[in-house]
Amino acid sequence: MAESKPITKNVDWVVLLIYIACLFIGWINIYAAVYNPETQTSMFDLSNNAGKQLMWIGTAALLIICILVIDYKFYETFSFIIYAIIIFLLVVVLFAGSNINGSRSWIKIGAFSLQPAEFSKFAISLAIAKYLSDPAISLSRRIKDYYPILGIIGLPALLILLSNETGSMLVFASFAIVLYREGMPGIIPAIGIVLAALLILTLLFAKWYIVGVITLIALGVIWMMPTLSRRNGGLMATLLVGGLMIGFVFGVDFFMNNVLQKHQRGRIMVLLDPDSDPRGDGWNVIQSKIAIGSGGLQGKGFLEGTQTKFDFVPEQSTDFIFCTVGEEHGFIGTLIVVSLFVALICRLVVLAERQRSRFARVYGYCVAGIIFFHFMINVGMTIGLMPVIGIPLPFFSYGGSSLWSFSILLFVFLKIDAQRPFTLSRG
Amino acid sequence: MLENRRFVIIGFFALVGILYLLRLFYLQVLDESYSIESSSNSIKRVIEIPFRGQIYDRNGKLIVYNTPVYDLVVTPYKAKVSDTLRFCQVLGLERSEFDSLMNAASAYSRRKPSLFLRQLSKEDFASIQDIMVDYSGFAFVKSSLRTYTTPTLANTLGYVSEITGRQLEKQEVKYYRQGDYIGQNGIEKVYEKELRGRRGIKFVMQNVSGVYKGPWKGGILDTMAVAGDNLHTGLDLDLQQYADSLMVNKVGSVVAIEPKTGQILTMVSAPSYDPNLLASRYFSKNFAALARNPYKPLFNRAVMASYRPGSTFKLIQALVGLQEGVITPSSGFSHAGSPIKCHNHPFTGTVAMGVAHSCNPYFYNVFRRIVYNNDIKNTYKASAVGLDRWYGYVSKFGIGQRLGVDITGEYRGNLPNKDYYDKIIGEGRWKFSNIYSLSIGEGELLITPIKMANVAAIIANRGYFYTPHVVASVGDNHTIDTTFTIRRETGIAARHFEPVIQGMIGAVESGTARRSRVEGITIGGKTGTSQNRVGDDHSIFIAFAPVDDPKIAIAVFVENAGSGGAAAAPIANLVIEKYLRGTITNKALETSMLNANFIKKVILPGVKKPVAKKPVATDSLKKQTP
Chain A
1 MAESKPITKN
11 VDWVVLLIYI
21 ACLFIGWINI
31 YAAVYNPETQ
41 TSMFDLSNNA
51 GKQLMWIGTA
61 ALLIICILVI
71 DYKFYETFSF
81 IIYAIIIFLL
91 VVVLFAGSNI
101 NGSRSWIKIG
111 AFSLQPAEFS
121 KFAISLAIAK
131 YLSDPAISLS
141 RRIKDYYPIL
151 GIIGLPALLI
161 LLSNETGSML
171 VFASFAIVLY
181 REGMPGIIPA
191 IGIVLAALLI
201 LTLLFAKWYI
211 VGVITLIALG
221 VIWMMPTLSR
231 RNGGLMATLL
241 VGGLMIGFVF
251 GVDFFMNNVL
261 QKHQRGRIMV
271 LLDPDSDPRG
281 DGWNVIQSKI
291 AIGSGGLQGK
301 GFLEGTQTKF
311 DFVPEQSTDF
321 IFCTVGEEHG
331 FIGTLIVVSL
341 FVALICRLVV
351 LAERQRSRFA
361 RVYGYCVAGI
371 IFFHFMINVG
381 MTIGLMPVIG
391 IPLPFFSYGG
401 SSLWSFSILL
411 FVFLKIDAQR
421 PFTLSRG
Chain B
1 MLENRRFVII
11 GFFALVGILY
21 LLRLFYLQVL
31 DESYSIESSS
41 NSIKRVIEIP
51 FRGQIYDRNG
61 KLIVYNTPVY
71 DLVVTPYKAK
81 VSDTLRFCQV
91 LGLERSEFDS
101 LMNAASAYSR
111 RKPSLFLRQL
121 SKEDFASIQD
131 IMVDYSGFAF
141 VKSSLRTYTT
151 PTLANTLGYV
161 SEITGRQLEK
171 QEVKYYRQGD
181 YIGQNGIEKV
191 YEKELRGRRG
201 IKFVMQNVSG
211 VYKGPWKGGI
221 LDTMAVAGDN
231 LHTGLDLDLQ
241 QYADSLMVNK
251 VGSVVAIEPK
261 TGQILTMVSA
271 PSYDPNLLAS
281 RYFSKNFAAL
291 ARNPYKPLFN
301 RAVMASYRPG
311 STFKLIQALV
321 GLQEGVITPS
331 SGFSHAGSPI
341 KCHNHPFTGT
351 VAMGVAHSCN
361 PYFYNVFRRI
371 VYNNDIKNTY
381 KASAVGLDRW
391 YGYVSKFGIG
401 QRLGVDITGE
411 YRGNLPNKDY
421 YDKIIGEGRW
431 KFSNIYSLSI
441 GEGELLITPI
451 KMANVAAIIA
461 NRGYFYTPHV
471 VASVGDNHTI
481 DTTFTIRRET
491 GIAARHFEPV
501 IQGMIGAVES
511 GTARRSRVEG
521 ITIGGKTGTS
531 QNRVGDDHSI
541 FIAFAPVDDP
551 KIAIAVFVEN
561 AGSGGAAAAP
571 IANLVIEKYL
581 RGTITNKALE
591 TSMLNANFIK
601 KVILPGVKKP
611 VAKKPVATDS
621 LKKQTP
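From first to last, the protein sequence lines stand for chains A and B. The first sequence: position 371 = 371 (UniProt numbering), numbered continuously. The second sequence: position 93 = 93 (UniProt numbering), numbered continuously.
Just so you know, these hints were derived from the structure itself, not from any lab. Glycine residues also receive a C-beta, built at the ideal position from the N, C-alpha and C atoms. Hints are all accurate, no fakes.
Derived CB-CB ranges, DEER-like:
1) B:N477 to A:L297: 43 to 49 Å
2) B:I201 to A:Q298: 21 to 27 Å
3) B:S127 to A:G301: 47 to 53 Å
4) B:L30 to A:G151: 46 to 52 Å
5) A:N164 to B:I201: 46 to 52 Å
6) A:T59 to B:A107: 48 to 54 Å
7) A:V211 to B:I201: 53 to 59 Å
8) A:R347 to B:I201: 48 to 54 Å
9) A:G301 to B:A139: 30 to 36 Å
10) B:R5 to A:A343: 18 to 24 Å
11) B:A107 to A:R347: 56 to 62 Å
If you want a taste of the chain B side facing chain A, the calculated C-beta under 8 Å gives, among others:
12) Y20
13) R23
14) I43
15) M205
16) K213
Full structure from sequences and hints, please.
Have a look at this one:
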């Protein structure tokens with residue numbers, strides 16, 4: 001009965017349309033980024049990145065058809081096997097990989113290169129979803145239930161770190177979102193956010209100011225506290241939290257000045273003040289901001305962008321593709337792109353929430369979290385709100401590995417979602 | 001209730017999205033510091049300097065033009081000089097020079113072209129062009145060099161040089177930038193706006209290494225450079241060069257004007273310099289040498305040097321006297337009663353004879369009558385009123401005024417009036433007896449050569465003149481500045497000129513300038529001998545010819561050359577003959593003038609004086625002036 005139906009039946013059309021829009025906008029911006037007015041080549045010319053990207057898009061379409069044809073149960077059943085294959089590839093690449101830009105993480109097939117690290121996100125997502133699909137696992141109560149998750153994420157993270165591809169590894173932080181949804185206590189992300197805020201403040205201001213402010217707040221809290229809770233250990237708890245925060249501030253200060261190398265410190269300081277080293281570490285951030293800022297409201301027009309085209313912005317067709325959007329299409333262009341991403345991610349959360357199986361929901365959240373994290377880091381880096389970490393903008397950046405991996409990631413979820421009417425609720 | 005956590009998660013996603021949009025709105029729309037103009041380093045404004053206008057003489061001969069020259073530029077990272085020795089030989093460089101030029105270029109930028117050698121001539125370019133093909137990284141950039149066909153017009157034309165810091169600051173409209181060239185003197189300065197044309201601005205794209213990547217937006221924002229207008233002057237280049245040759249080894253000036261139009265035919269300031277010296281790449285060195293030269297070649301004597309007019313001023317006295325009615329053409333004065341002495345000559349029974357023989361007592365009496373031509377009994381008050389009345393006439397001749405010549409640095413000169421003497425002597429404390437030396441063009445009078453040439457033109461025109469000017473018309477449309485086409489009247493009736501002109505003819509035919517008369521051309525002239533504190537008298541002569549249909553009016557000043565008939569008159573008459581006839585009949589006179597050397601008589605400040613300082617009173621002169 002199901003054989004006669006089109007494979008796109010029940011596929012969420014909102015996500016599909018956003019996906020197609022992102023691919024198209026990304027592709028024309030890749031063409032604009034590498035466009036050279038002196039030696040003009042066509043958008044379809046395989047000698048430039050735009051032509052190659054079109055080929056990647058075509059192969060991605062074939063992949064998607066395969067994904068939609070394969071039975072949805074395949075992914076859940078073979079989760080750990082897929083995970084094992086990716087781990088194997090990550091090990092292989094460590095010994096047999098080709099060296100591109102200082103990282104041994106590529107497998108070369110003819111003129112094209114693939115990066116197994118890109119696919120590790122997919123594998124980890126499947127493995128986590130599979131693990132959490134066991135209803136006995138509770139993230140809100142038993143700490144030992146976390147260990148397998150740490151293992152699932154930690155093993156590929158270690159392998160990627162060894163192959164010198166730190167950017168991809170940082171994306172694994174995005175799994176915190178799905179863990180939070182599945183019951184991780186809210187205090188953990190709260191602590192993470194407080195520590196991140198303290199870190200930035202410590203880098204920006206002298207440590208004694210921060211210590212002073214923390215002390216004042218602690219005293220304020222104690223003063224406002226009802227006498228009863230003050231007796232019930234509230235006083236001690238406040239002093240402990242304040243003390244830990246002050247300790248963290250000193251730790252960061254010591255770490256920055258005594259542990260980090262000069263160039264590492266530079267990378268971090270540039271995030272806070274790009275003008276501190278405009279020709280060195282700050283170059284990328286400043287040029288990227290100039291490119292986006294010079295676009296104005298309406299942009300300079302298609303193929304009229306000059307900052308990106310003439311190499312002022314580095315990696316203009318991959319990691320800094322968002323600069324081309326900003327320069328040539330202005331705020332209107334960036335508004336559309338940011339809106340597309342927020343809409344896509346929110347739609348994925350809605351889809352995940354309507355799943356009947358925990359496996360599907362967890363996997364859906366993984367997809368949303370990964371895409372969100374890439375978007376946040378990549379766009380944030382081009383507008384100077386995030387450190388320069390070389391990770392691609394999903395569906396936009398040039399590159400076969402990232403396009404394939406995001407397409408697989410997304411469409412496996414769409415396939416599972418499409419089969420939702422036929423699955424039984426398992427909690 | 002873990003399901004509710006989705007709201008926290010969606011809220012977090014939306015918050016990041018909104019935060020990023022706010023940041024983007026700030027960067028792209030609100031913050032101007034990232035706009036194209038202020039920070040775009042990929043788009044560069046390139047200024048295109050147009051060709052400066054050329055300057056022609058009245059016969060269409062080129063005086064000033066632009067020579068294409070070639071600057072050799074080097075792009076260090078491309079430069080490959082395999083055979084440095086041969087390379088240096090070709091360019092005429094020392095090995096050390098080559099190294100320092102290359103190092104300087106590399107220090108500036110390895111990827112952008114730097115100037116290697118400036119202003120290579122077309123000939124040099126042709127000879128090394130083929131050889132340079134062997135050396136990659138070097139390129140020629142076409143540029144232009146202001147070039148002058150004659151070395152005789154330096155001060156009139158001025159020069160073009162890099163704009164000075166003060167000029168940069170003073171400009172009202174910010175047009176020039178550091179390093180721009182600007183006309184600095186003479187015609188080049190006065191007609192700067194016409195000559196410079198309009199600068200073109202091109203927006204070009206460059207990549208991160210500064211390499212040219214084509215026009216921005218296809219060039220729609222670019223403006224084309226418009227070449228400067230050509231100037232068509234009234235100068236006669238041949239005559240100019242001839243007059244200049246006569247002024248070799250003399251200090252002074254020759255100014256000739258076409259009376260009918262006021263166009264300046266010739267303007268010699270001697271000694272002069274070759275203006276090409278100041279156009280070349282050795283500007284500063286050459287300028288310093290010229291500025292130190294004791295004969296002041298940078299000083300444009302034609303419009304800046306002040307002399308006493310001497311006896312040439314008697315022409316104006318006669319004209320004012322006739323117009324005032326204090327004398328008639330047949331008035332005669334003897335030498336009796338005059339404090340100014342005279343030499344032996346027949347009794348000057350008419351104005352014409354007074355002029356021809358330059359009789360000092362005659363003009364003493366004329367001036368006396370002019371000053372006292374009122375009913376006031378008090379001689380002090382009468383003198384004051386009379387002097388101002390006289391001043392009114394004389395100033396109309398341009399004496400003591402700026403004529404408005406289209407050359408920089410025109411000097412006003414001095415024409416004393418009541419206020420002037422009230423200031424230096426005291427109000428009511430002076431009368432005619434204090435100022436009578438004005439009658440013969442001495443005393444406090446100061447004129448410039450161009451003013452006296454203009455006086456000659458006024459007499460030639462019988463009473464009016466056009467402001468003397470160098471540039472007859474501007475551009476291909478031959479636009480004429482209207483201030484030069486206004487006929488300026490002196491207020492002296494035309495009939496009063498005839499007796500004076502008769503006297504001027506007499507002066508040349510049989511009077512003070514008879515030695516230099518030209519057979520077959522009726523010249524009206526007047527000699528002058530200008531006294532000065534140091535050295536011999538200055539020789540002055542003004543003239544116009546032919547008398548019946550004047551084509552040329554001229555003034556010649558030769559410093560320390562003695563009487564007007566000795567040097568100035570022969571030079572003037574040779575120039576007149578050259579202009580009217582094309583050839584010189586009196587070869588002996590020409591040769592003697594070409595060879596005459598009066599420069600050795602010029603006393604330079606700081607140099608030991610060969611002649612004792614002569615005591616000369618400022619207001620009364622006992623010396624006889626022919």
